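**Q** Letter by letter, the chains look like this.
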Amino acid sequence: MAWNTDLRWRLPATCLLLQVALIVLFGVFARYDPHSDAHWPQNKRSGNISSDLENEFYYRYPSFQDVNAMIFVGFGFLMTFLHRYGYSAVGFNFLLAAFGIQWALLVQGWLHSFENGHILLGVENLINADFCVGSVCVAFGAVLGKVSPLQLLLMTLFQVTLFSVNEFILLKLLWVKDAGGSMTIHVFGAYYGLMVTTFLKRSNLSQSKARQTAVYQSDLFAMIGTLFLWIFWPSFNSAVSNHGDAQHRAAINTYCSLAACVVTTVALSSTLHKKGKLDMVHIQNATLAGGVAVGTAAEMMLMPYGALLAGFICGLVSTLGFVYLTPFLESRLRIHDTCGIHNLHGLPGIIGAIVGAVTAASASVETYGEEGLIRAFDFEGAKQNWTASTQGQYQAAGLFVSLAMALVGGSLTGLVLKLPFWGQAADENCFDDAIYWELPENPALTPEDPTRKPPQEP
Amino acid sequence: MAWNTDLRWRLPATCLLLQVALIVLFGVFARYDPHSDAHWPQNKRSGNISSDLENEFYYRYPSFQDVNAMIFVGFGFLMTFLHRYGYSAVGFNFLLAAFGIQWALLVQGWLHSFENGHILLGVENLINADFCVGSVCVAFGAVLGKVSPLQLLLMTLFQVTLFSVNEFILLKLLWVKDAGGSMTIHVFGAYYGLMVTTFLKRSNLSQSKARQTAVYQSDLFAMIGTLFLWIFWPSFNSAVSNHGDAQHRAAINTYCSLAACVVTTVALSSTLHKKGKLDMVHIQNATLAGGVAVGTAAEMMLMPYGALLAGFICGLVSTLGFVYLTPFLESRLRIHDTCGIHNLHGLPGIIGAIVGAVTAASASVETYGEEGLIRAFDFEGAKQNWTASTQGQYQAAGLFVSLAMALVGGSLTGLVLKLPFWGQAADENCFDDAIYWELPENPALTPEDPTRKPPQEP
Amino acid sequence: MAWNTDLRWRLPATCLLLQVALIVLFGVFARYDPHSDAHWPQNKRSGNISSDLENEFYYRYPSFQDVNAMIFVGFGFLMTFLHRYGYSAVGFNFLLAAFGIQWALLVQGWLHSFENGHILLGVENLINADFCVGSVCVAFGAVLGKVSPLQLLLMTLFQVTLFSVNEFILLKLLWVKDAGGSMTIHVFGAYYGLMVTTFLKRSNLSQSKARQTAVYQSDLFAMIGTLFLWIFWPSFNSAVSNHGDAQHRAAINTYCSLAACVVTTVALSSTLHKKGKLDMVHIQNATLAGGVAVGTAAEMMLMPYGALLAGFICGLVSTLGFVYLTPFLESRLRIHDTCGIHNLHGLPGIIGAIVGAVTAASASVETYGEEGLIRAFDFEGAKQNWTASTQGQYQAAGLFVSLAMALVGGSLTGLVLKLPFWGQAADENCFDDAIYWELPENPALTPEDPTRKPPQEP
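Chains as they are written, first to last, in our numbering: chain F, 16 to 473; chain R, 16 to 473; chain L, 16 to 473.
Bear in mind the hints are in silico, worked out from the structure with no lab data behind them.
Since copy identity is lost for identical chains, a pair holds within one copy or between any two.
Using 25 Å as the maximum straight-line C-alpha spacing, the simulated SDA-like pairs for lysine to any residue come out as follows: (1) 59 - 318; (2) 289 - 228; (3) 289 - 32; (4) 289 - 442; (5) 59 - 258; (6) 216 - 441; (7) 59 - 388; (8) 289 - 25; (9) 224 - 453; (10) 433 - 291; (11) 216 - 20; (12) 398 - 382; (13) 290 - 434; (14) 216 - 173; (15) 289 - 453; (16) 187 - 44; (17) 290 - 435; (18) 59 - 257; (19) 59 - 394.
Please read these numbers as outputs of a predicted model, since none were measured by experiment.
Using the sequences and the hints given, assemble the complete structure.
**A** Encoded structure:
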């Protein structure tokens, strides 16, 4: 089936409409919080804050910048591995993330930092908006190459909304801890994306098979993405944790888990190749599963060996998934997952949620200290009578809620995106920048498209 | 006309001369400031500073590192889009910035942090030196591919000097606020560079037209630059703002403005293409105009919607500029602006200055609080009787001074650089690394030069 | 001689064995330190710490992230300059660093932060682990392309151990100051690597000469590495310095030294080319020597001009080394140093150690203040009676110890790695990703291997 892929009026109109709506909504709702408002000198006095350094900015800004790098550089370049889809990978990721963070500031603001009719913005809102968009970037990985930028904008619109609702249910109704988002970001993003791609099933995708591969240079560009995600993941998992020990511990645990995961990934990648060679797909992706593995438990007293163990297991599971599960899903269930997000975010996210639930359930006064335990899990006020075991059960519940929300939400989104007027490419034109981008004119300097006939020689 | 492009003695002699002069001048003038000197324990006591954390280093160092990444990685890679000029883009940017920061530390030091015959250096000086060099990187964009490294060193020498004088006039004489440098960095840098390129007019540049294009890989390299500029721009605009709320607010506003700008740029890029396709040039450049748009106002109470609006407008203006203005300037006025800096820094810089002037003029006690207003605009001491409206008028004056300084300074520099002995390439050899770089020997592995004849087959 | 390069069982078994051992050892030994443990509220009280901000995390975390970027992105991409060895450069660096940081946490922990039978981990341990692995990355540069991943794991195992012992001798027994590791990291890493490569001498390496070159794109990838190392080096040299002025000063000095080094490198590179052209090898490498040059002295009162001078000299020496010394070592002494680490880390490291010794020896109460001098060199407790001159002598001793440890340790490691069963490639297959990596199938899209015959046409 051939759809019209000329987005000349549809894409601009949608962008401008959304952006104008955002400006109006920001005008009505968005204000600065006490730490970013010019009334800070008064706020400082009334809050008994002695130094400008106690401004939340200094606790969180370096982490924010690392997270920001992960979303735009990390995810953007990670997806450039397809040799004819680099512009789209990095460019569409840029577009959806830039739109998504604005919408996330609003939706998360209404749900989490709404006071007297206004959303109060501070650095933590920026981090949370990046987090939310991170989950869209995850889902993008499943549909990469098969959707138009218009579909991506719509998916972002829906997913950011549902993400924020799910996050609200988990954090505010179930009082779950999930600082690095194993459940809210990775499980939700992965299964949401997998449902979308399932509903967008394309029967003749094999026609563009030749473009579904990497070339030497595109694999190196993808490694830029991998490494920036990898090095800054400790900031990701610690960015919104409690001040002091929790941020500190989350960074240490994530660092340990990531390191173990790389070693396991290399081991499995070599084992599963008949000549013991390494596969770039695994090195680019499965090495990151260690960050997802401790997305819930990193700020808890997981202990360094616990972090290593979580990374170890996720490296195994993720690499096995790339080798066995992805082909199975594609051939049997017709679920085409371009980047293998199920292996990098789905399964490790579930494991991370379980690790978090178990770690929470086994928390004790001995390990945390009395004050420490209360502080780590907010066992005061409404949660005053909670025990570690209660917390563990609610954590587990959070996993199921996230899964359910993702499956239902992703299905509905998939249904909408299936409509024929969003400018999607025909099956034989997938994974090709040329559909949506003006490409350099000199054909000799552009990577050859192996599916196209060579120019006839005279 | 064929000039001698062999720089063997001229370039080394200039580099060594400049570097030795810098060492001598640093020896005479440069010392550590109270926060970086080993006398810090005493300075702490005499300044009633209770903790090492109050050392300026901890307020500003993370921002400094982000700014440093922008200057060297961001600008360096942004300019690698030309397919035969990647070495020069990233390499000459490296050279001019490394020389420029040293010279800027001195000139800015003499004007801004000179005490008892010495320049006192701290982390803020490093940021300001990077800022100053940022304006040279902007100007470099206009002449990219058409000048020798020797000319770039001279341009840096002149521009850093004039930048610092202009900055002194604005900040110290006109008491203008311009934390992110819409006027001092972007307007000044852009119009300075445009004047230089105007004076260096080349009549036969069309002979190297074939090399003035991107290829697939070079566009991806350029996106590295774009994204690192984009993600760290909140640090750029907040790096030297007041402690606490001002830094915090500047980061939030910049983040908002940048996000809106991306969405608008995509909308316009698609609208202006006859088949609705996106143009990499716009995505690489116009998406950044949002950072320039709030370069003056980011630290003020611009409000989040104000930031979105500024980014929205600059995305429009910048993309329109690339499509209509750049070709017009080139064909009618003979101003060849290689990277289109007029669209990314010139026009958005002017808009940013106006946004700043308006935001300042409309500042009120209600919005800032009494203390907040005084603190935001230094309405004390000599400025005790200033009103918001006075501030706004001075802001506007600052824009005109910057423009004037840039036009005059750039013209003079252009006149000097026009002299025939700086090793510049002939018109037909522009945009070619081979003039100044030893290239890899294996021709098969180097991007083909479409302007050269293919090797004859037997 | 043809070895078996199929690593299918050897590499996975080694990885898994090492990783399981690490998990067990972490389980027995590794715990959180008082700033990262959940008992932090109590620890804060008992330590009279008033604010969460005084948690060590906030002093050091931004620097840690920069250092982490240097190790994985910086070193990884710097070594991608070989046109057929990009996967291995970035991938093996990833593997060895991920394994190395875990092992370093343990060995350095036993030697430096062992209390009551446990290693206490905090952010400073993470930085030191990255530092230690940095020295392995340096040594990797000497053997790049000639060793198997299995050999690299073994080298890392040995080198991390010896590094930590050497570091212990220098810092704890000789009370040497070496915050940026001129001696412990650069001299040790460089001469260790040179000894390993000497022992692994290959007589027919010229057979893979054609693959020992860069291509246009691979040089640009390498510049990513160069620039990330360069911009973050100020964080590297200041990351573990004393709070306050020492961190601040170390960053300033490193920034200055690096800048001067770039200008000198360009000067020399042009001088030494017969047509005055620049050589990418110098720009990629010698520009970084300025960071090594002040690795010991950066935190001292080196004075800004002293930093410039150190960078100036190391730029000269390093570039000269690339032009004259590397060919000499290779042709006369049969020492094949793939990346020229002797010029970037060896010689500048020695110079840096000397600069440090001289700066320490000339420290005075006048320059440091009484308190400042004691604080800078820990002249209290056991060192109570030390003078600046004593410190200078011990610094010099540290250099010789590091050299001796590196030469002996590297030789022993070289002997072990020479054994024929580690999966190393034959001489004619060196510098080729195809030995250890599954490469993209489409040959048209992979950089051609000039040493292989083209496919026969029918």
